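Protein chains: 2
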Amino acid sequence: MRLTEDQLRLYDEQGFLLLPDYISPTEVDLLRAEVPKLYGDKSLRNVVEKEGHATRSVYGCHLVNDFYNRFARHPKLLGPAKQLVDDDVYTYQFKINAKVAFQGDVWKWHQDYIFWRNEDGLPAPRITNVAIFLDEVTEFNGPLFLIPGSHREGVIEVPPLNIRPNGVYKDAPEWISTLTADLKYSVDSSKVAELVERYGITAPKGKPGYAIFFHSNLVHASTINISPFSRTMLLITYNSVTNIPAGVDLARPDFIAGRNYSPLTENESEAAHKKHKSISS
Amino acid sequence: MRLTEDQLRLYDEQGFLLLPDYISPTEVDLLRAEVPKLYGDKSLRNVVEKEGHATRSVYGCHLVNDFYNRFARHPKLLGPAKQLVDDDVYTYQFKINAKVAFQGDVWKWHQDYIFWRNEDGLPAPRITNVAIFLDEVTEFNGPLFLIPGSHREGVIEVPPLNIRPNGVYKDAPEWISTLTADLKYSVDSSKVAELVERYGITAPKGKPGYAIFFHSNLVHASTINISPFSRTMLLITYNSVTNIPAGVDLARPDFIAGRNYSPLTENESEAAHKKHKSISS
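These protein sequence lines are chains L and R, in that order.
End of the first sequence = 282 in the numbering used here, gap-free, step of one.
End of the second sequence = 282 in the numbering used here, gap-free, step of one.
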C-alpha cells in the first residue's frame, strides 16, 4: 500500500493526512476487543488521569499484545510510514490515547519531536505518527486540534515545565511528566496564537477506522472530554532505522522509546486477511 | 418583536431556540466596547477562574452599566422573554460568561433552575435565559453543549457538592460555589449519559449577534477553551414578575438574584436606534 504523489504533497504542505474509512470495521472491532485488557494493566505503562483512576494512555501495546504487535506491520500503515520517513522503519511508540468519556483530560499544545529529541536523543524528525480512530471522533469528545502547516516552523524551543508530578505520580520517575496533563514541553499561548493566526486550526472528525498520519513537528492539542463518548485512539510512531536515538540519556523505558531497531516488514497474513475480508464482504 | 408560533413550538420541544444574526453588528460592537470596563471591576461580581486572574463571569452588569441596563429592555429580547414566560418579566440575572482564550474553564453539566430554587427560593421555572454571542462561537472555543429536550425531565434532583471554595475564594461566601468551576449542583455522569442516549447533544455555533433563548431546566455544559479565541457571551435571565423568590434564605446578593421586581418595558429609544440603523445600512 502506497500513498499517491498528491497525498504525499498534502502531508508535506499541511503536516498531516486524513484517510477516511482506512482501517476496516472488522479490524477496528478486533483492536477494540483488546482495549479492556490493555487498560487492566496496572504497571507504569498504563498512565492514568490526574484523579488517579481513568486510563489516560497505555504505552508499549505492541510489546504485550500479539494482535497489536502484528497490527504495527499492517501494509496500510507500514507502506505509507516508509514513504513518509523515506527509509525502513521500526516502532518507536505504540500507544492508546484513551480520552475516556467524562474523564479524559487535556493535551496541551505541543510538538512531539522535541520530547523525543530532548528525552531520548532522537537525532532528526525522520519519524511519523499515525492515529487510528477506534471510536467515532466528534466535536464533543475531544478531537485532535491541529495547526495545519505548523510543522514547517521546525522545533519550537520551549523550556521544560519543572513541576514535580504529584497526586498518584508523586513517587514516579521524572519522565512521567512527558506523558501527563502537566506536559513537560508545551508551546506557550502567545506562540500558539501567532501560529493559529498564520495557519488556522482544524479538528478532523470521523468514524472508527479513520486514520491520520501526522508530522512530528505538527503543533497539536486536544481538550477535555465532558461527553458520554470515549475517544479511544491508537497512535503508532514509526522511526527511521537510521535515526536511532543516542547521545542524551535514554532514561525512558522501551515502552516509551522502542529499543527494537529491526526494520518492520509487512504482515502478509494481515494483507491476506484483508483480501479475504474484501472478497467475503 | 414577537416569536412565531413555530418558534414557540420549537422552544417547547427542544428547550432552546437559536436565532441567527439576531442582534445587529452595531449593537454587538457597543456591547463589546463595555467588556474591558466590566472585567476591570475587582469586586465579587467579577468571578475569576481557578488560577485566580482571568475573568470567568461578571454578574449584575445591568446594575453598573447604563448601556447594559438599557440593553435588557431591547424589544428583540424582552418581547420573546415575555412570550416564553407568559407574563411580564424583570431581570433576574445579567452576566457575561467570558470563556477567555486559553483560560476559560469548564461548566459542568447542569440545569439552571435548581440553583435558583435551592439558593434563592424561586417558586417555579417561569423564567428564561437568552445567550447572546459577542464573539464567534466555534467548535474550538468552548461552545455550549445542549441536550435538546432535556428540560422536559423537570428538575433533576442532585445533592450539592460540599466542597469549600479554595484558592482565591477560600474566604469567600459559600454562594461562590454556585458560580465557579467546582459547581454546586451538577448532573452526574450516568444521568447525562442516559439523557444524551435519549436526546442527543448539540452545540450551536455562529457569528457575533447570534442569540439562543433556553429553558431553565435544559441540561447544558461547556468545555475548557484551549483556543486563542475568547468566547464572550452575554446571558440575561428574565423572571416572571409573579414568580418572586421567597422562602429559602435569599443569601445571594442582588447582582446574582435581582431584587428590582418592576416589570421591564421595551426600550423605545433602542427600537428607534435599530430602525435608524436599518435605514442607514
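Hints in this document: simulated from the structure, not taken from any laboratory.
In this text, all values refer to a predicted model and were calculated from it rather than measured experimentally.
Honestly, I wouldn't trust all of these hints.
Claimed, not checked - Lysine to any residue pairs mimicking SDA-like chemistry, simulated, CA-CA at most 20 Å apart: (1) L:192 <-> L:160; (2) L:51 <-> R:189; (3) L:83 <-> L:139; (4) L:208 <-> R:140; (5) R:51 <-> L:83; (6) R:208 <-> L:51; (7) R:206 <-> L:139; (8) R:192 <-> L:103; (9) L:51 <-> R:256; (10) R:51 <-> L:107.
> Checking against the hints above, which ones are violated?
Replying inline: The structure conflicts with hints 3, 5, 6, 9, although it agrees with all the remaining ones.
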